[in-house]
Each structure stands twice: as structure tokens, then as C-alpha cells.
Amino acid sequence: MREMGATRLWLWLVLLVVAPLELWCTPRKVEETELLISGHDAINTYRIPSIISTRNGTVLVFCEGRRDRQEDGSPTDIVLKRSLSNHGPSKMKWQPIQILLTTRAGEAYMNPVPIVDERDGTIFLLVNPYTQPYKDVPVHIWLMKSRDEGATWSSPTDITMGTGLKELGPGIGIQMRNGRLVAPVYDGVIFSDDHGKTWKSGGKIPDVYSESQVVELVDGSLLLNVRQGGHRAIGISRDGGQTWSKPENDMALSDPTDYRGCQASLIRYSRKEGGKSKNFLLFSNPSDPNHRLNMTVRISYDEGRTWPVAKRIKEGPGGYSSMTVLPDGSIGMVYESGSFRTISFVRFKLEWITGGQESSLDHETRTGN
150 MREMGATRLW LWLVLLVVAP LELWCTPRKV EETELLISGH DAINTYRIPS IISTRNGTVL
210 VFCEGRRDRQ EDGSPTDIVL KRSLSNHGPS KMKWQPIQIL LTTRAGEAYM NPVPIVDERD
270 GTIFLLVNPY TQPYKDVPVH IWLMKSRDEG ATWSSPTDIT MGTGLKELGP GIGIQMRNGR
330 LVAPVYDGVI FSDDHGKTWK SGGKIPDVYS ESQVVELVDG SLLLNVRQGG HRAIGISRDG
390 GQTWSKPEND MALSDPTDYR GCQASLIRYS RKEGGKSKNF LLFSNPSDPN HRLNMTVRIS
450 YDEGRTWPVA KRIKEGPGGY SSMTVLPDGS IGMVYESGSF RTISFVRFKL EWITGGQESS
510 LDHETRTGN
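Each number in the numbering used here corresponds to the 1-based position in the sequence shown with 149 added.
I should point out that these hints are in silico values taken from the structure, not numbers from a laboratory. Where a beta carbon is used, it is the ideal one built from N, C-alpha and C, also for glycine. Some hints could be false.
With a straight-line Cα cutoff of 27 Å, these simulated DSS-like cross-link-like pairs (lysine-lysine) come out [stated by the list, open to error]:
1) K240 with K463
2) K242 with K294
3) K463 with K242
4) K284 with K353
5) K349 with K284
6) K460 with K421
7) K349 with K421
8) K349 with K294
9) K395 with K353
10) K242 with K421
11) K240 with K460
12) K346 with K294
13) K460 with K427
With beta-carbon atoms standing in for the labels, derived distance ranges [claimed, not checked]:
14) K242 with A191: 20 to 26 Å
15) K349 with A401: 30 to 36 Å
16) A300 with S394: 38 to 44 Å
17) A191 with G487: 15 to 21 Å
The task is simple: from the sequences and hints, build the whole structure.
Structure (C-alpha cells):
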């Protein structure tokens, strides 16, 4: 009996030591926050989020602030939330909301698409201004910019003369390795080769027309990932967006059939350079095949050909989303949750997605483009 008692005591001691160690070692989310709550700050509904981060550690979240009701095209502001100096694991602190564009005569400012120019840190913001009565059609494109991490912004400039009438993203734009700034639109991309001074339209992608996201592949080509319902459509451009391949369905990436799909996020986590890292792409959207449910993030190790790793962010209602790579190598994500009740922010490490199989990279080897 004494031996049995000693054995039980030994087992309890082992559990007391090993269980906490196992919990400590188990990859987990770093933090999760209800960032924007519908009904607060005189905004009826927050929708259509996008997120970017700068090398100075500033994280910027843009979205539509629909003042009176949640319907598309209702009087809508463009709002911004910022968090400063995020270089380590400390919990992020968010600044008060900023109103970048405010509706005055019922107009709707929609589809925010930010891009960071890594040359000098300038942040560009592209927006579609819709007048009333609202129609879901191609419209003008306005451009704003900030040179102080989003604290202040220029007045909007209309760049439609160069781009033509377009519907933006929504989501984020990228900077290619050759310096070209690229923003996704419903029928392809628009771009600037002179650091935002002038903008042009690329060629139209055939057969599909909807919300899209773009990423540069390691061979310099562009991959456009397009909403269509059922499965995502994928087009490739090998000339910087001037021409596009015939889109093909990616059978690994479901797109809810409700509402003919849902916007998604696609970013580059890392690029293999000098043996320091691997080629990772990240993709997020509601993974339920029929409804906007179960926000999920996926990893591709082969430039989007396959998506073998998936991790559910949250069960239940989930809509539009956007991701960015933070300076410490963790991943920041914003998404619509709770049937448009909130814009939620979640931060996690790569090993949380993979169950510890891959480690997050530091800020010197990561890229969000």
C-alpha cells in the first residue's frame, strides 16, 4: 500500500510539473480584441476592414463606418484605428478612432485599400467615393497619403484619369520587388511606377469580375485571387498586371455560396532569401462552403499551388478579413465577426497555425507583400 501511495504521489508530482509545462509550450493566440463595435462612436455598423503594418511598428486598421444603417452604399465614413511601436510581444494599445473621410451629403466612401511604400514609409490609401443614389458599379478612385505613420493625411486626389472607373479590392495593396505599387480591383489591378505620383490600369482578367486580392510570387509574377462563390478563382500575370491568364478554380479554397462568395485576405508571410526563411503565403476567409461561418487561416508552402495547413480562428459568423505581418514576425488579422457586430483584431504566431511545426520569423526576414 505504501508503494502504491508513493507511486500515486510521484504521478501527481509529475502531472504538476509536466501539465503546466505542456500548456506553456502549446502554441496559442497572443491576443484577441473587439477593436470596433457597431453602435459606438456614432457609427451604426463597421464593415470592410483592412490592416497594414509599418517597419516602425505602427499598425493601421481601416474600415467603412456606416453611419445610419448597415446596407452597402448608405452614408459611410472611412475610419482608422492605430497602434504604435509594436516591436515585441507586449499587448497592443490602440489610439482613439480617426475619421479620414466623413459623409456630408449622404455619399458613401467605400472599399479602403492601403499600401505602404517601403522606400520612404509613405502610406497610400485608395478609396471609392459613391454618390447617391448608390449603385454597385465602377466609380472614381481617390488617393490619400500619410508621411507620419497615419497621424495626418493629405486631402484626397482623384486619380481616375489614369486608372479609369474601377471598384477597388477591398483589402490591401502591395509593393512589388521592383518598386511597383499595385492595388487590386474587380477586373485586375491598378499600379504606380513612380511612388504614387501617377497611376495606370492593368489589363482586364477574363471571365471573372469581383472582389480580389493580389500577391507577388517569387518568380515576379502576380497572382490574383478572386471571389466568385463555390471556390476561389485564380489568375496569373507575368508582366506586372498588363495581361492575365484565364482564371482557374482553386478547389482547395472554398468560397461560401451565400451572396456569391465573400471577400478574402491573401498575403506573403515570407520569401526565401539567402537560406534565412521559406516561401509562405497566408490566406483567410470563412471556410464554410455555404455560409459566412468559421473564419479560417491557411498556409501554402508552394506559392499557392496547395494549401495543406488550415487553422480555424473562430467558430460562428465571420465575414471580410485582412492580414498583415507584424515587425516581430507574428501575424495580425482583422475580421468581421458576430454578424457585423464587431471588427475583431487577433494576433497569433505562425506556430499557432501549424501546431508548432513552423516558427515565426523575425522582422528582418519577413515581408507582408
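Comparing the hints with the structure gives:
With a CA separation close to 20 Å, the supplied pair K240 and K463 stays within the 27 Å bound. Of the supplied pair hints, the one linking K242 and K294 holds, its CA atoms being roughly 23 Å apart against a limit of 27 Å. Distance hint between K463 and K242 is fulfilled; the C-alpha atoms sit about 22 Å from each other, no more than 27 Å. Simply put, K284 and K353 have alpha-carbon atoms about 21 Å apart, close enough for the 27 Å limit, and the pair holds.
In summary, the hint linking K349 to K284 is supported, as the alpha carbons are separated by about 24 Å, within the 27 Å threshold. Only pairs whose Cα atoms come within 27 Å are accepted, and K460 paired with K421 is accepted, the gap being roughly 23 Å. Annotation: proposed proximity of K349 to K421 is violated, straight-line Cα distance about 30 Å (limit 27 Å). About 17 Å separates the Cα atoms of K349 and K294, which keeps this hinted pair within 27 Å; it holds.
For the suggested pair K395 and K353, the alpha carbons sit about 11 Å apart, so the restraint of at most 27 Å is met. The straight-line distance between the Cα atoms of K242 and K421 is roughly 32 Å, outside the 27 Å bound, and the hint therefore fails. For the suggested pair K240 and K460, the alpha carbons sit about 22 Å apart, so the restraint of at most 27 Å is met. For the proposed pair K346 and K294, the alpha carbon gap of about 11 Å is at most 27 Å, so the pair holds.
At roughly 19 Å between alpha-carbon atoms, K460 and K427 fall within 27 Å of each other, so this suggested pair holds. Between K242 and A191, the C-beta spacing of about 23 Å keeps the proposed range 20 to 26 Å intact. At about 33 Å, the beta-carbon gap between K349 and A401 stays in the expected band of 30 to 36 Å. Hint check: A300 to S394, Cβ distance near 41 Å, so the stated range 38 to 44 Å holds.
Between A191 and G487, the C-beta spacing of about 20 Å keeps the proposed range 15 to 21 Å intact.
Checked against the numbered hints given earlier, this structure breaks hints 7, 10; the rest are met.
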